[in-house]
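Now for the letters of each chain:
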Amino acid sequence: MKAKEIAELLNGRIVGCQDNNEELTNAFSSDLMSDVLRLGGKCSLLITGLCNIQTIRTAEMAEINTIILARGKTADEEMVEHAIDNDITIIETEYSIFKVSGLLYTHGINPMY
Amino acid sequence: MHYTFDIEKGNFTNAGNASGSVKKTLKQLNVDPSSIKRIVVALYEAEINAVAHAYGGKIDIDIDGDKIVMVVADQGPGIPNIELAMTEGYSTASQKVREMGFGAGMGLPNMKKNTDKLDIQTELGVGTTITMTVFLKN
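Line by line, the protein sequences are chains Y and F.
Using our numbering, read the first sequence as starting at 458 and increasing by one per residue.
Using our numbering, read the second sequence as starting at 30 and increasing by one per residue.
Treat the hints loosely; a few may be bogus.
Chain Y is faced by these chain F residues, among others (derived, beta-carbon under 7 Å) [as the list claims (entries may be wrong)]:
no. : residue
1   : M30
2   : G39
3   : T42
4   : S48
5   : K66
6   : V69
7   : P109
8   : M129
Straight-line C-alpha distance at most 20 Å; calculated SDA-like pairs for lysine to any residue [said to hold, decoys possible]:
no. : chain 1 : residue 1 : chain 2 : residue 2
9   : F       : K142      : Y       : R495
10  : F       : K53       : Y       : N522
11  : F       : K166      : Y       : G497
According to the in silico footprint, chain Y covers these stretches of chain F (three or more CB under 8 Å from chain Y) [said to hold, decoys possible]:
no. : segment
12  : 54-61
13  : 70-82
In case anyone wonders, no lab produced these hints; they're calculated from the structure.
Every residue gets a Cβ at the ideal spot worked out from N, C-alpha and C, and that includes glycine.
Isolated chain Y, as found in the complex:
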């Protein structure tokens, strides 16, 4: 799925990098960035309720293309700027992590493990 399709599915809003046309294939859900940094292999999507600059930094270091901020969290200006600088797309949604994960799973997004 593309980031724009995911945003529509989650009734969400895209901030950060707007021209993301990458095919997103797998996801990891976590509020613990330490666990995100331990992932082996390529991860397309991070689903999280943790909303601070280190969420963006973690995606940057872990080569994650798109972050889904669940539970109604919204990125601040610093987060958005850093995401743009690093070609990271942020999708903000009111849905819970559980709902986001379930919806993406049923639409063909694979788990990391």
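Fit chain F to the supplied structure of chain Y, relying on the hints for placement.
Okay, now just chain F, sitting in the frame of chain Y:
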């Protein structure tokens, strides 16, 4: 090539600046992407640890033809028990560090996992110097 970065106690806004900068440099040098990820994850963990635990410090990065050496030297409390600190899940992190998404006791184990050599020199009440080496595949 040599780069130096400062570490400021408790400044989580800047934590990751060194890792992000090194990542851009390694990309420009056409270093293998899997090596880049290992290097920046290890350095980022070290940066977070230093910001979280130390009173300040310095990061020195040296890149030559076949390896990168990253030295993270802090002035801080030191590590009382390195063996314990290397155990996954052991953490002395503050609530603030946990709120940032870290402090799960994965930092040092993750640095070891992502580097070819990890050396830790620590002295209680003085500080800790972590030296990480990764051999590059171009």
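So, going through the hints one by one against the coordinates:
1. M30: With Cβ-Cβ at 20 Å, over 7 Å, it is violated.
2. G39: For G39/F, the interface hint is violated, since the closest Cβ of chain Y sits about 13 Å away, which is over 7 Å.
3. T42: 6 Å, holds
4. S48: Constraint on S48/F satisfied, holds at 6 Å.
5. K66: 6 Å, holds
6. V69: This hint holds: V69/F lies near chain Y, its Cβ roughly 5 Å from the closest one there, short of 7 Å.
7. P109: With a minimum Cβ separation of about 21 Å from chain Y (threshold 7 Å), the hint on P109/F is violated.
8. M129: Where the cut-off is 7 Å and the nearest Cβ of chain Y is about 5 Å from M129/F, the hint holds.
9. K142/F <-> R495/Y: 9 Å, holds
10. K53/F <-> N522/Y: The given pair, whose Cα atoms are some 16 Å apart, holds under the 20 Å limit.
11. K166/F <-> G497/Y: 18 Å, holds
12. 54-61: violated (count 0)
13. 70-82: holds (count 4)
This entry does not satisfy hints 1, 2, 7, 12, going by the numbered hints stated previously.
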